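K.L.:
Chain residues, written in single-letter form:
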Amino acid sequence: MKNLPATLLRGGSILGFVLFISLPLVMVLLEAFGADWFGMRMLPAKWTLRWFMWAAQTVDLKGVLTNTIEIAVLATVFALVLSIPAAWAIARYQLPLKSLLIGAILFPRMIPEITFALGVARIFYAIHLTNTAIGIAFAHVILAAPFAVLVLVSTFEGMDSRLLEAGTVMGCGPFRLFWLVTLPLALPGLVAAALFSFLASYNDFVLTLMVYGADTVTLPVQTYLSLGNGYLSVAGAISTILLIPSLLFLLGMLRMVSPENLVGGLKGA
Amino acid sequence: MMVPSRRLGSVAGWSFDSPARRLPAGQLRHVATGALLACPLMIFLGAAFYYPLAYTTVESVTPTHGAGWTLAHYGAFLGSRAGLGVLALTLSLSLAATVLSILLSLPLALLLRRQFVGRRALQFLMMLPITIPALVGALGLVILYDRTGWINVVLLRIHVLTRPMVIDYTIPGLVLFYVWMFFPYGGLVIMSGLGAIDPALEEAGLVMGASPMVVFRWVLLPLLSSSLWAGAVMIFLQCFGAFSIPLIAGGNFQPIGVKIYTVANVFLDWHQASAMAVVMGVIQASLVIAYQSIARTRRPT
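As you go down the protein sequences, you meet chains A and B in turn. Here the numbering used here is used: the first residue of the first sequence is 4, the next is one more, and so on. Here the numbering used here is used: the first residue of the second sequence is 203, the next is one more, and so on.
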């Protein structure tokens, strides 16, 4: 210890930061797993799974979870189907007005969701897409596709053309070339794009709030509804389930890339 | 050092089917194929994003009753005390949260440069607020800073306070919650800016006998200033667009995002809400353009 006060100051500020960031989530967990937690108590009097049971019975947690996952899977598939060709074109073709094209694809992430959610809600309502899984998935693709394109363009640009040429020279047909060379090279990018899309849809609140209906309540919307009804603990229980994919995603991602390479952000408000 | 740019928007990355370039007919086919590949996504975004945006803009200038067009909805928002109050609230919340977030992220980014035990865990925590759904963060913050939450209980027990402090549903509380949720955007930009600084410059300063503080003030800070500005704009943008936090934790304070939602869904005044949405979108888009011009000058290409 060459400099005790400096070390203490550093340790103290790290501890403060850790508490500042982590305590709100600890509170959500305490709310979800605790009972009789009120007044000046630090910890709940009892530990319980009651709120999860409540959620299962009163707000049809299973149905809500099924909706959320179904919509997220649909949104992921749509986002990939639309983004892969577009990203391929941006990465490997010389196109006029390319920066305008990229700007037009990224623009939905640049303005707050609520600004276009109004119009989306009005139009979806007119053509009966509100309260349908397909409709909500479409709305989520607006958020997911820009990310998917960003990830895929850098994947496709990074692919070594010489490998593709080598495949052709070695006598691969277009199909075998795709299967044996292109796909394995692009796979990490495709997986990343799929995960980003899934998470964007699974976590989305603002757009969903504008286009959901009685049959298509998702986890974030149900969290909000339970809060509105005053069931704080049920909201905590649903939030706990809502958190799981984000935490897994973050753990997995930090293993692969350093966070400063992710400038551009992960999600909206 | 000049490196071939792989940046988005540069005319890069084509070689595999390059013979097409030489023949005008082949080039036409090349462009046509590329355009065709981008078509499905553009058609989708046109229908699901740009059309709703245009629809909202048209709604915003349509009178509530009757035909024709009007700027009355903009007038009602931008010309009223209440409307300007909403804008002032949104901007001042965002500004305060931005300044505090930069003050938090700068030391953190400097700290995270070094290798030490637990660095990965700190990175995890730093990314946490922007990865999880904002709604869950808002819920946790409201519980933590409640009158019977941990912050108050601890401060009462160690006799810093004699009465519980009200933090939830106040403006300082909202600023604090914004900082929690949005500072990582600034932290990430500053971290990537720090990563781009040649360590030799700092070492040179230290070797020449400057104290770490002097090196920080006269070497690191000038090199970092564009990152700091870019990070600040990034945080400001996020605060300006915030929705879940003020919806849950704002109480009577409704910044523009929440106000739009209330006007549309509670008062069912879609024309008024549309005008506010257009104002919000225009402000945000101008800030994005400002951000990009800063980010561009930052890159030494």
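Among the hints, erroneous ones may be present.
Within a straight-line C-alpha distance of at most 20 Å, the following computed SDA-like cross-link-like pairs (lysine to any residue) qualify [what the hints assert, rightly or not]:
(1) A/49 to B/231
(2) A/101 to B/231
(3) A/49 to A/36
(4) A/101 to B/350
(5) A/65 to B/233
(6) A/49 to A/218
(7) A/101 to B/491
(8) A/65 to A/243
(9) A/101 to B/229
(10) A/65 to A/49
(11) A/65 to A/174
(12) A/65 to B/468
(13) A/65 to A/244
Hints listed in this document are in silico derivations from the structure and should not be mistaken for laboratory results. Computed from a predicted model, the values in this text were never measured in an experiment.
K.L.:
Tell me, which hint numbers fail for this structure?
P.N.:
1, 4, 5, 6, 10, 11 and 12
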